[in-house]
Each structure stands twice: as structure tokens, then as C-alpha cells.
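S.K.: Just need the whole structure built from these sequences, with the hints factored in.
Sequence lines, in order, name chains A and B.
Under my numbering, residues 1 to 119 are what the first sequence spells out, in order.
Under my numbering, residues 120 to 992 are what the second sequence spells out, in order.
Treat each hint with caution, since some may be false.
A short, non-exhaustive set of chain B residues, derived as facing chain A with CB atoms under 10 Å [stated by the list, open to error]:
# : residue
1 : Leu127
2 : Gly133
3 : Leu341
4 : Arg345
5 : Val347
6 : Val369
7 : Pro370
8 : Tyr371
Quick caveat, the hints were computed from the structure, so don't treat them as lab data.
Just so it is clear, CB atoms sit at the ideal spot from N, CA and C, and this is done for glycine as well.
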Amino acid sequence: MTKPPDDRRLDLLQGTLDMLVLRTLQWGPQHGHGIGNSIRTQSDDLLRVETGSLYPALHRLEKRGWLKSKWAISEANQRAKYYELTAAGKAQLAREQDRWSQLVMAIGRIMLPATAGEE
Amino acid sequence: MRPDERELDEEIRGHLALSIKERVDRGEHPDEARRAALAEFGYVPAARESMRRVWYGRWFDAGAALALDLRVGLRSLRRAKGLSLAVMTTLALGIGANAAIFSVVRGVLLRPLVNRDEDRLLYIRQSAPTLGAGNMTFSVPEIADLKARVTAIGAFGDFSTIDFTMIGIGEPRVVHAGVVSGSFFQVMGLRAVLGRLLTPEDDGAAAAGAVVLTHRFWSSALASDRSVLGKTVRLGSRTATVVGVLEPSVPYPVDTEIIANVVTSPHHLDATMVTGRTHRMTELFGRLAPGASLTTARAELTAAHAAMRQEHPEASAGRTDVRLTVQPLRDQIVTPARTILLVLLLTAAVVFLVACSNVANLILARSVRREAELTVRAALGASRGALRRTLLAESLVLCGAGAGLGILLARPLVAVVARYASRFSMRATEVTVDASLLWMGAGLAIVASVLLAYIPTLPATDGAAGGTRLTPGGVRITPATNRRLRMFATAQVACSFVLLTGAGMLLAALVSLQTAPPGYHLREVLALDVPLPIESFGPKSLTFFDEAMRRVSALPGVTSVAASNVVPWRDLGKFGPFSFAVEGHTPVDGDEAPHGRLRNVTPGYFATLGVPLVAGRDFTDDDRRGSELVAIVSQGIAERLFPDGDAVNHHIWWTDPVLGDDRRRIVGVVADVNDEAISPGPGLNIYNPLRQVPFGGRLLVRAAGDPYALVPALTRVIREISAEQPVERAATLADVRAEMLTPDRLNALVVSGFAGLALLIAIVGVAGVLAFSVSARTREFGVRLAIGSTPGDLMARVLREGTGMVVVGVVAGTVGGYVLARLAQSFVGDLPLPGALPTVGAAALLVGAAVLAALIPAARASRVDVVQALRSE
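M.R.: Laid out in C-alpha cells, this is it:
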């Protein structure tokens, strides 16, 4: 397991990958590679998703009914599996977003009490 | 919902293609782009596996772990080839023998008969056990009496046998035929596979002759020829039409080739048969009436039988203990085989135990050697469960392979065991290999593998005692392991001792039978069945036999020839025992009347067979019809009834109503021979001249050279008299006797085989334990040598250990051996069993073999190099 030399890279927080995937798919169907790319570029290259985690996550989400998939021809001119949010997935995304903002706030209060008090 | 593996691969390929395209678009060289994309993706199989885990969840984890364990197990076993081979072979033998014997036991003892509602089908028997008349059968009036008095039996079926000369199907020959009334097949609940069976319409003297072929005869002798239906056959003086073929079923009490209606047999229609209360030749079956139970049927039949005997005391003259037994047919058929099969099953189970404990020892020894490995695994975080699972996987691989081999071995074994069992019950002939063999094998393998996995002690995982046995330099045996090793070896010795003693008992019994004085010239005398059809019995048969004997004695190579009504040890129970009386001897009240067996012989019979004349004279050609009635008795009778030794010239007469009470003068006394059983007891024979009691049918020829060389010439000269005369079953008395001993010989052989196998396994086990113990104690031996023990001392020490194990095993096995001896007694009868000899012999054999086996490790112990041994750690 060779890590990229880029030391700015951040490890994903446990449990956040699912949320990021759901969020990425909010804009429409996408294949695994596209999802990985999208997370990377949107995080300004700070977050990189390992394929070894991404695909199991996609399959897990699909199994839970939050995603559905269909095969289509990708820009590399080869069949690729496109994932898409389901209604249940959208609801889940909303829940995760709420949970996430609560978590960020809670952690923020502990880590930066002064700023939190000012608000 | 579950994506299949191909889709998964395609998804991965799609990902890589996109990744490569992206890099190429950025300007990278395609090869470089491909390499980088693959590197970025990571190890493909790992990704695949983690995705599979998503699909299959927990099952995947367990399955993958088991697969891994099995792979690891297989690999580590491949490194221990010798051990694996030993374990698999041992288990294969144990499992194979058990599966085969179980198949036969199931087929014979447990499976229902093909007969409809077979649990309501009864077999009724009349017997007089104290007289040796195990099956007296019934007479027609007796059956009518029972029928009239019993309501718990809905219908009776009767079956008698008679020999017909059958012409029309195949060679003209004498066939064994069943004669039944129309209710028989209905009662038996059997169906026809072709045509029809006999019905009440076939009863009576006015019906047309009809025969049904048994399935075995039809399929073997007639090659299942369907055109046989409707053919006309000649049966003696009558003719009959083949109306059908019976479905395959167990023939009981006798196997016949055809079953005919009453009209085919003139004998069945004449007055002797129909009104003769003592003319017993019919077997009786019954079907329980609806609502009736076996108990009520038994009670009713017993009461009816007692009442009937009361009314007709003359019909059982001299027989005080005639009894009636009522049994479900299946019990009746399988009972003779039950003891033997159960003993066999027990024997096989003991062999399985020996095999398992031997394998346990091998595994235990191996687990000691790999204690370091297990400790390392535990230290690296393997839970006890995981270690156990590893061991279980290994033993599963071993036992699975063993069971596979065992089942392959069992398939042919089933046929062998079935043939063996068919000597005791006809049912065994229909045993086939079925799936139960597989289940049995798999079951035994699972039992064995779970046992084996739990034998080794696991290293402590809590770390308290950890770190101990990681020191290099060979193995150390803990006292607990040592105890276990010895325990298993001792158990093996005990089990083999039991089997060896049992085998010894059977062998001793067999030897005593085989060396029992036969009383005849065995090798020179050839016995032949020359059966005459029943209608030519009487004076006509005498002319035939006189002519046959004249022609046979003229043949070169024939020393002498005689005719009789029985071939010793072959025609069992056919002529007697019948009650008789002699003048000058009044039985004390309540004493059983004397009984003897009727033997009709020609002059020269005793000389031909080699039976010495003790007093008086042999029969002569003048002892014929019309002249004075005479008899010769065996020594046993003479001594019992004429204690003064004056039997000759006294009179003797049959009191059994079947035979008529003509008074005969005793003209001679001959040595005792028992021609019904091979046991030391005397057979009480009364010989009448064949010319005065003309029922014969057997020729006995004494040959100067090879008796079998005479058979073609004998057949030829007899056929010259009558072209259609059957000449059958030519065999020397030695071979007839050997045939009679076959079951005993087979019993001895089978049990000895098992015992030998167990002995081998046990001895290898003892030797293995000692060898292992020696190899683990090199250092101890080194120290002992260093402080003054001689190599001889060490050798003696190891030998003592080996003998010690065997002695403990023998003592433990003595108890079991005693039990087995009781069982063995039940199938060799009341023969005196030499108890001490086989026991001591088995013990001596075991100790001797163990000492021999211990010699190798002992020698190794004595050769330990002090310096090497002390430096080894």
C-alpha cells in the first residue's frame, strides 16, 4: 500500500464516504470513476477515495436500496455501470446532511468555544 | 439483485478504461497511463473480495474462512504425507467396513417386506424342540381345525413343497415346487409382474393345472422371457399352464422355482393328504383380521391348538412337547440372521473405535510437534475458536478423504457381506447398495473429524502460560499428552484383544468341528441325488435302483455302491425323528418316548461309507419284501435301550403313526454317526432295508480314484436306464461336510479378519506411541546414559513401557472378551468352548506382537549418543 507523496491529503472520516457518494450523485447518474473524480476535484484534491473502498460502498448503498444502477457506454467508449439516487437515497442524503451539520456544530463548540459563544 | 462475477469484472474494467483515458487525455503515454491506473486501483482480487463481502455478508466471512482453513489444512497435510496416508487408510478401513455392514443390516433387519401390509402377515409353526423337530409343519385336517376355531386370523394361506419332474421349460429335470391353495397369494399380499397369480378358482380337483413362476427362476433360468406365459408344462403325470410370474419377494420357508395349484399334484388330492391327521407337510401363514392384534391371534391359536391336541391325542403320539409359535413373517425370516448381523455390526464398530483411537494418536502426536505453530498463531491473535476451526478443517479434510475411500471400499464389500448373511436369512439376497451407504459414511466421517479436532489441547491464549514452548530443539510431551497417548494405545489394545479372543473362540470351535470324527470315509465316497418322481415310489423304484446299482458297480474305478434315502449332512430333517419302541424296554411314565431317524439303506451301505458293524450282521439281498422284517440300530440306541448289550434279535417298531407299527427284528448294531449335524453328539439312527421300505433316491458311490472323475460315466449309465432321469448334486462327503461347515468357517474368517485388522492397527499404534515417546525423550536418555545406565537398561525400559500398555489393555479387554464369548456361544450352539486357550492365545499374541513392535523404538533409545543428546537443547 503505497501512499501518494502528497501529504496534504486527508483521510476520510469513518462513515462519511457513504454521505459523499450520495451527495455526489445528487447531480445525476454517474459511474464509479466519475464519483471518485468528482469527490477529489470538489475537495480541491484534499480527499481521495480509494477504489477498494469506493466500489464496496457503492454496492452496499445499492443493496440498501439508496442507489440503483444501469449499464451505459462511458466516454472511454466502454460499458460502465452508472449509479443513480433513488427516492430512499434522497431521503437518506437529507438525514445524513442533518446529522453531519449537527456533528460539525457539536465538534465546533468543543474545539472553538469562543467563536461558538459569539454567535 | 446480486450482480454476478462477470459484471463485477466488467465494472472494474470500465473503471480502469476511464482512468487510462483520463491520463492519456492529459498527455501521458498509453503504457505509462495503464500502469499508473492499475497502480492507483490497487490489488484487483482484494477489491473483488471486499465487494463479494458486501453481497454475501456474514456467510461470506464464514465461508471464506472455512475455505481458507481447508486450503491451509490441505497444504499442511501435504507436508505430512505419511501421516495423512496412515490416517486416511485407517479411517477408510473403519468407515468402509461399518458402512457396508450397516447397509446389509438395514436391508435385512430393518426394511419392510414387499408384501402388502406385511406387519399383519403371520407365520405359524408347529414344533417339538426337545426332539429336534424344529418345524413339524401341519397336516390338512389340523389346518382345518385351526381355521374353524380362530377368528383373529382373517385368512389362512398354506404352502407345501413337492418335487416334480418338469418337462416343457428348459431341460427335463426335477424342480422344487410349491403347492398352494387359492388363498395363498391373497394372504401373502403379493402381486404378479406378468399374467396372474393363483386364486380360489384354481382350487379343487376339477380345476385346470396352473403354475406361477417365481421371479428368480423366471429372470435367471428363463432370461425374463415373456412368451413363457400360456405355455403348457408337464409336471410328473399332470400338465399345467404357466399363468403368471410372481413379483420378487423373499421365498419362505423354502425357495422354489414354481408354485402350482393343488390339482397338479395327485398326492395333494389323495386320502393320505386330505384326511391323514399325521401327514404333516404344509406350512401355514395367516393374515390378521381387521382389528385383531398379534396378541389375540396368538392366544386364540394357542388355545385352538391345545384343544385340537386334546381331541386327537393319537396324532402326536409320544410327543409331549409339541408347541405352536406365531410370529410376524418378517421376524421369522430375519431372526436367524439377527445375532450374526448384530455381532458383525458390533465387531465393525469395535474396529472403528480402534481405527479412531489410532488416528487420534497420530493426530495427537502431530499436534505436539506443532505446538510451537499453534502458540505462534495464538500469540498473533488467533482466537481459540479460530485455532479449533483450523484443526477441524484439517480433520475434515482427512476424514472426508477417508470416508470417500471407505465408501469406494464398501461398495464391493456390501455384496460380500450380503452373500455371507444370505446363509442365515434369505432376505440378504435382495440387499443392494443404496444411498444409506453414503449417509453412513458421511456420518461416521463427521463424528470422527469432530472427535479428532477436539483431541489436541490448545495453547493458552490468555498469555499466562504463553511463550513457553517456543524454544527450538524438538518436542516435549507434557504429562497430560503422554497420558492421552497411552490411553488411546491401551484402548486399541483392549479392543483388539476382545476381537482376537472372539476370533480365537470361533476358530477353536471350528477346529473342534473340523476335527470331530466324521464316522465316514469322506474323500472316497461320492453322493448323488437320483430323485424319482413321487408317483414311481415303491416297488417300481426298487427295480430302477437295483438296475442302476448293478450298472454303476460294473463301472471301472467304482469300489462299491449303495442306495439310501439321505445324503449325510445334506438332506436334513427329512426322515425323523420319529418315536419308536423296543421290546423289553418300557419307558418310565412321563419319560419322553425314544426317537430315532429313519434311514433306508441297501446291503453294503455301511461298508461303502465306512461305518463299522459293532454286532450282528449287515442287510443282505434276502432282506426283501415278503421276507422277515429286520432293522439295524446305531450303537447309541443299543446302549441306551439294551444296557445288557443284547440288542440283536430283539424287536423294534415305530410308534409314529406315519410309519406303521410293523415289528422288526434287530439284526445288527453299527457305530454311531451323526449325519444331521457336525457335533460330537450321537445321531440315533434306525436303519431299515431299502427293499422293505422303498423310499430312496440317493446313490453313494465309493471310488478307487478321483470320485468326481466318475460323474460323467455315472450319469451316462443311469440315463441309459431312463433317459429323462435327473442325476444331480454330485459331491464327495468331504465336500458336503465342508459345505455344512461353511457358515462356521465364514464366521471364523470374518471375525478373524476384523481381529487381524484391529491387531495390526493396535500394534502400529503401540509402536507409534513408543517411537514418539523415545524421540521426545532423547535428552532424558542422554542424561540416563551419562549417569551410568547401560544401553541395555534403556532398551529394557522402553520394552517394559510397551508391554505395560499391552498388559493394561488386555486386562481391560478381558471383561469385554467375556461378553463376546457369550455372544459367540449363541451361534455355535452348545458346543463346548475351550475358554482358556483362545484367551491366553490372544493375550500371548498381543504381548508378543507388542514386544516385537517395541523393539524398533527400544533399539533407537539404546543408540542415543550422549554428547549429541545433551547438546540438543
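S.K.: List in ascending order the numbers of the hints, as given earlier, that are violated by the structure.
M.R.: 3, 4, 5, 6, 7 and 8
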